[in-house]
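Protein sequence lines correspond, in order, to chains L and W.
Just so you know, we're using the numbering used here here: the first sequence kicks off at 1 and counts up by one.
Just so you know, we're using the numbering used here here: the second sequence kicks off at 1 and counts up by one.
Some clues are possibly wrong.
With a cut-off of at most 25 Å between alpha-carbon atoms, the simulated DSS-like pairs for lysine-lysine come out as follows [claimed, not checked]: (1) K146/W - K156/W; (2) K28/L - K118/L; (3) K156/L - K146/L; (4) K28/L - K23/W; (5) K23/W - K23/L; (6) K172/W - K118/W.
Residues from chain L that face chain W, not an exhaustive set, calculated with beta carbons under 7 Å [unchecked claim]: (7) V16; (8) D20; (9) I24; (10) I47; (11) E50; (12) T54; (13) G57; (14) Y61; (15) G71; (16) E92; (17) V93; (18) R95; (19) A100; (20) V176.
These aren't lab readings, by the way, just hints derived from the structure by calculation.
Note that the Cβ used here is the ideal one computed from N, Cα and C, for glycine as well.
Number of protein chains: 2
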Amino acid sequence: MTQQKATNIVWHAGHVTRADREKIHGHKGVLLWLTGLSASGKSTIAIRVEQILTERGHFAYVLDGDNVRHGLNSNLGFSPEDRTENIRRVGEVGRLFVDAGAVVLTAFISPYRADRDKVRARFDAGDFIEVYVNAPLEVCEQRDPKGLYKKAREGKIPEFTGISAPYEAPEKPEIVLDTAAEDAEACARRLVAILEERGVVPRA
Amino acid sequence: MTQQKATNIVWHAGHVTRADREKIHGHKGVLLWLTGLSASGKSTIAIRVEQILTERGHFAYVLDGDNVRHGLNSNLGFSPEDRTENIRRVGEVGRLFVDAGAVVLTAFISPYRADRDKVRARFDAGDFIEVYVNAPLEVCEQRDPKGLYKKAREGKIPEFTGISAPYEAPEKPEIVLDTAAEDAEACARRLVAILEERGVVPRA
Numbered sequence: 001m002t003q004q005k006a007t008n009i010v011w012h013a014g015h016v017t018r019a020d021r022e023k024i025h026g027h028k029g030v031l032l033w034l035t036g037l038s039a040s041g042k043s044t045i046a047i048r049v050e051q052i053l054t055e056r057g058h059f060a061y062v063l064d065g066d067n068v069r070h071g072l073n074s075n076l077g078f079s080p081e082d083r084t085e086n087i088r089r090v091g092e093v094g095r096l097f098v099d100a101g102a103v104v105l106t107a108f109i110s111p112y113r114a115d116r117d118k119v120r121a122r123f124d125a126g127d128f129i130e131v132y133v134n135a136p137l138e139v140c141e142q143r144d145p146k147g148l149y150k151k152a153r154e155g156k157i158p159e160f161t162g163i164s165a166p167y168e169a170p171e172k173p174e175i176v177l178d179t180a181a182e183d184a185e186a187c188a189r190r191l192v193a194i195l196e197e198r199g200v201v202p203r204a
Numbered sequence: 001m002t003q004q005k006a007t008n009i010v011w012h013a014g015h016v017t018r019a020d021r022e023k024i025h026g027h028k029g030v031l032l033w034l035t036g037l038s039a040s041g042k043s044t045i046a047i048r049v050e051q052i053l054t055e056r057g058h059f060a061y062v063l064d065g066d067n068v069r070h071g072l073n074s075n076l077g078f079s080p081e082d083r084t085e086n087i088r089r090v091g092e093v094g095r096l097f098v099d100a101g102a103v104v105l106t107a108f109i110s111p112y113r114a115d116r117d118k119v120r121a122r123f124d125a126g127d128f129i130e131v132y133v134n135a136p137l138e139v140c141e142q143r144d145p146k147g148l149y150k151k152a153r154e155g156k157i158p159e160f161t162g163i164s165a166p167y168e169a170p171e172k173p174e175i176v177l178d179t180a181a182e183d184a185e186a187c188a189r190r191l192v193a194i195l196e197e198r199g200v201v202p203r204a
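Throw the hints in and build the complete structure from the sequences for me.
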């Protein structure tokens, strides 16, 4: 209606939106929060989902001990207080990646229910999917790929979840994976199928 | 040579690499670290670059006070110690985004040289590009879009960079932008041209 007179204004300073980036990526952003005991299979499953989605040309990203504990959270230990802050930061980085339009998978023991619920509360409904990677302690201890359970039993690692520190299982996780009954490949395929069903990623 | 007998092994557990994701995005990952006084134009320029790259279908992401200070770094204040930790965390999140193949732009005052240099040291050569958004204090104070300089002069904001807290200009930034002489649009275009010259993004 009114003539535009300010010729020096050629754009507005709006942030690119999540929707803009989702359009570019060809799918929606979401966080899959994998929780479970050490050696339950969290990282293996997360990395396999990352592979499957990447092969389809999607943008998937795994946050795990390898890339977070040695970097962002290198100044945190394993005390209850530090575990809480560790999970809070992972959740906040997850929010940034979801905002960036990624399918983010986090693979952390995240033993405290309250910590996970606080992360959930930071997301819009549907953006946070809790995946309980459930394997009996005996099974995890038998796998013990890094010999951590053995060391924990010998008292060489203090505050080890399942041995000398608690694990609080999710009460209402969106998904439960039983890695004692189902192999990692099948679990990963199941997660991808759920992303398809929810319309997060297109069906292959 | 040897026949594969283990039919249950259908994949290996290798992380998807940065190169894999860069291929999907169609460009390389890099961090543009914008540093300068409050109101020097950091966020405006960063957001404009994000817009230009997104319009080209690229994956760009801005980390700034809006999405970091209220989230990941909400438990940090503005003391020298907290500023240092703030910048460290931003740098580490930047590393994750570069690993994810993004063109990441950070827009933080980041007043301490040592803090910025510590972040630089965490990146491979070429992945960290320091951009000094240089505008004289008088110009920034005159702009004062949020009235912060006024409050700082009145003593209502303690430890305000340029007024009651130091700003240590970069000694060897890769790029200097003079926002008193050049408008934000021109500065943004210049950054995009530099990304093209370096082969980070394809020429438009």
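Here's how the hints hold up against the structure:
1. K146/W - K156/W: Distance ~14 Å between K146/W and K156/W Cα, so the pair holds.
2. K28/L - K118/L: 23 Å, holds
3. K156/L - K146/L: 14 Å, holds
4. K28/L - K23/W: Given that 25 Å is the threshold and the Cα spacing comes to 19 Å, the pair holds.
5. K23/W - K23/L: 17 Å, holds
6. K172/W - K118/W: 14 Å, holds
7. V16: 5 Å, holds
8. D20: With Cβ-Cβ at 6 Å, under 7 Å, it holds.
9. I24: Interface hint status for I24/L: holds (6 Å vs cutoff 7 Å).
10. I47: Holds - the Cβ of I47/L comes within 7 Å of chain W, reaching about 6 Å at its closest.
11. E50: Because about 5 Å separates E50/L from the closest Cβ in chain W, which is inside the 7 Å limit, the hint holds.
12. T54: T54/L check passes; min Cβ-Cβ to chain W is 5 Å, inside 7 Å.
13. G57: With a closest approach of 6 Å, the G57/L hint holds.
14. Y61: 5 Å, holds
15. G71: Since the shortest Cβ distance to chain W is 4 Å, the answer is holds.
16. E92: 4 Å, holds
17. V93: With a minimum Cβ separation of about 6 Å from chain W (threshold 7 Å), the hint on V93/L holds.
18. R95: Check passed: Cβ of R95/L comes within 6 Å of chain W, closer than 7 Å.
19. A100: 5 Å, holds
20. V176: 22 Å, violated
Consistency with the previously given hints fails for number 20 only.
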